[in-house]
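Using the sequences plus the hints, can you model the full thing?
Chain by chain, the residues:
2 protein chains.
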Amino acid sequence: MTRETYWREDPAELLRARPGIRLTEVDPDSHPGIRGSKSDGEEELVEGAGILADLQELLFANSRLGDRRRILLVLQAMDSAGKGGIVKHVMSAVDPSGVQLTSFKKPTEEELGHDFLWRISKASPGPGMIGVFDRSHYEDVLIGRVRELAPPEEIQRRYEAINEFERGLVAGGATIIKVMLHISRDEQRKRLGARLDRPDKHWKFNPGDIDERELWDDYQRAYEAVFERTSTLEAPWYVVPANRKWYARLAVQHLLIEALEGMALEWPKADYDVVEQQARLAVS
Amino acid sequence: MTRETYWREDPAELLRARPGIRLTEVDPDSHPGIRGSKSDGEEELVEGAGILADLQELLFANSRLGDRRRILLVLQAMDSAGKGGIVKHVMSAVDPSGVQLTSFKKPTEEELGHDFLWRISKASPGPGMIGVFDRSHYEDVLIGRVRELAPPEEIQRRYEAINEFERGLVAGGATIIKVMLHISRDEQRKRLGARLDRPDKHWKFNPGDIDERELWDDYQRAYEAVFERTSTLEAPWYVVPANRKWYARLAVQHLLIEALEGMALEWPKADYDVVEQQARLAVS
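Chains A and B, in that order, give the protein sequences. Going by this note's numbering, the first sequence opens with residue 1217, and the numbers climb by one from there. Going by this note's numbering, the second sequence opens with residue 1217, and the numbers climb by one from there.
Be aware that one or more of the hints could be misleading.
Residues from chain A that keep clear of chain B, each with C-beta distances beyond 12 Å, as calculated [as the list claims (entries may be wrong)]:
| hint | residue |
| --- | --- |
| 1 | Ile1267 |
| 2 | Pro1312 |
| 3 | Glu1355 |
| 4 | Asp1434 |
| 5 | Thr1448 |
| 6 | Leu1449 |
| 7 | Ala1486 |
Here chain B is said to cover these stretches of chain A; the calculated rule only asks that three of the stretch's residues, wherever they fall, bring their Cβ under 8 Å from a Cβ of chain B [stated by the list, open to error]:
| hint | region |
| --- | --- |
| 8 | 1274 to 1283 |
| 9 | 1296 to 1305 |
| 10 | 1423 to 1430 |
| 11 | 1488 to 1495 |
With a Cα cut of at most 25 Å, we get these calculated DMTMM-like pairs of lysine to aspartate or glutamate [to be verified]:
| hint | chain 1 | residue 1 | chain 2 | residue 2 |
| --- | --- | --- | --- | --- |
| 12 | B | Lys1420 | A | Glu1225 |
| 13 | B | Lys1406 | A | Asp1489 |
| 14 | A | Lys1406 | B | Glu1492 |
| 15 | B | Lys1322 | A | Asp1489 |
| 16 | B | Lys1417 | A | Glu1263 |
Worth flagging that the hints you see were computed from the coordinates, not collected in a lab. Only a predicted model underlies this, so the values are computations on that prediction, with no experimental measurement involved. Heads up, the beta-carbon is just placed ideally off N, CA and C, and yes, glycines get one too.
Laid out in structure tokens, this is it:
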């Protein structure tokens, strides 16, 4: 597998959540696998953007001729960790026709009337697409656990239900990449503060963000339980240090590129006779 | 209303489908309202991209505080006229979180079991979004009419049903922009030929494209009937000359910018006490 030139080591290896991982052991300021500074990072994001766009077009082209493969990128994080920035700065490189983005909010009454995977399943990406979940079914074992929105035995059941659900997606052709953007508590204070300081950012802030922030340690434990129970071979978790936005964006971009390169895609062969169609076209 | 600097006349005025419009009277090679060449067009697209992205963020920000406004861009055209290029080159400027794109294919069995507006209605954009329909309910009075997929009286009924449906969207906060990308028959031959000549473009070609092409004049008449019956004050049609891709992209980009500028959007006021939240954050 080739690699964009600026990675010194394979970030997929460096970032994968290992059994027993503790978030306190991952430095949110670090930038594993890559030397360089913010300004380099921005140039490199542009290099990767072209690669990613081309690979997604190949994936899409193959889907038109029956290939069932697709990507699902799951983004989870504490508020202000940069999920929106990943969507804006990484996914915008890809033809909008090839991206299927779903932002999961607090469930509606109708959604609560169904199993927690009902709305998730409906949003899973079609063949040839890169699906992106901005929040996901993992909220149901994160806020679900921290806020005790469901009894403990239901939370336990959900981990297994999630693994089963994801196995089904993989069997259907999906490559699943699960990313937790890892920021520090201080960094979050700074970012929320910046939203409060700028009138053009006020709309991004919600007083509830501070309520959640006060449960910081509980959320960190809930994430660790998620890694422990749902980081599988088929659908691994990656913990991406995200205090430096440029690093988080490059890392997620790379995970997508690596997944697509692993598919060894070629332009699909025409399922019609090219010469015959050229002749038809000439007289049409 | 301000205008990007390169337009000499308002393209919205120049391109709007007037009563009695005949497609033979619109030159697909022309570039109304703008001097300049392909290379200028590309620079100008970049200028407009930033403007469009900023305006969409404003629209989205307001929706978070209850504003119901949204945009719906409807794209219709003969094959290879450049719908996909508009999505790729114009819409990619906007944060993917703010775009809701739906590509309508041949209806499924389930969709055919419902009224033709069923699947359309489900895909209409939420507040703060720019919805894009790549093909739309207009297929049901275009291919529907040309291929006689429904009896003539049903086609007649649909024009009125469409107007009624669109009035409802407008009442709900939508600004509707309907675009027909207008290419010449010769230009289509050239473009389909290019797809056949390049193995990396074979997947974009379908022998059925030539079958449709052979009904060119019928389609042109069906489009004229669409303009006649459904170009309303609330939801006008624009006929965009599209033999020059750079022009069509600039024109559609401008129609979006003009619609957003017409909303006179400002950053929404916070619905919480900023100073109080700053104090809470400081001790959290």
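Comparing the hints with the structure gives:
no. : hint                  : in the structure
1   : Ile1267               : 16 Å, holds
2   : Pro1312               : 5 Å, violated
3   : Glu1355               : 17 Å, holds
4   : Asp1434               : 14 Å, holds
5   : Thr1448               : 28 Å, holds
6   : Leu1449               : 30 Å, holds
7   : Ala1486               : 4 Å, violated
8   : 1274 to 1283          : holds (count 4)
9   : 1296 to 1305          : holds (count 3)
10  : 1423 to 1430          : holds (count 4)
11  : 1488 to 1495          : holds (count 4)
12  : B:Lys1420 x A:Glu1225 : 37 Å, violated
13  : B:Lys1406 x A:Asp1489 : 18 Å, holds
14  : A:Lys1406 x B:Glu1492 : 16 Å, holds
15  : B:Lys1322 x A:Asp1489 : 23 Å, holds
16  : B:Lys1417 x A:Glu1263 : 23 Å, holds
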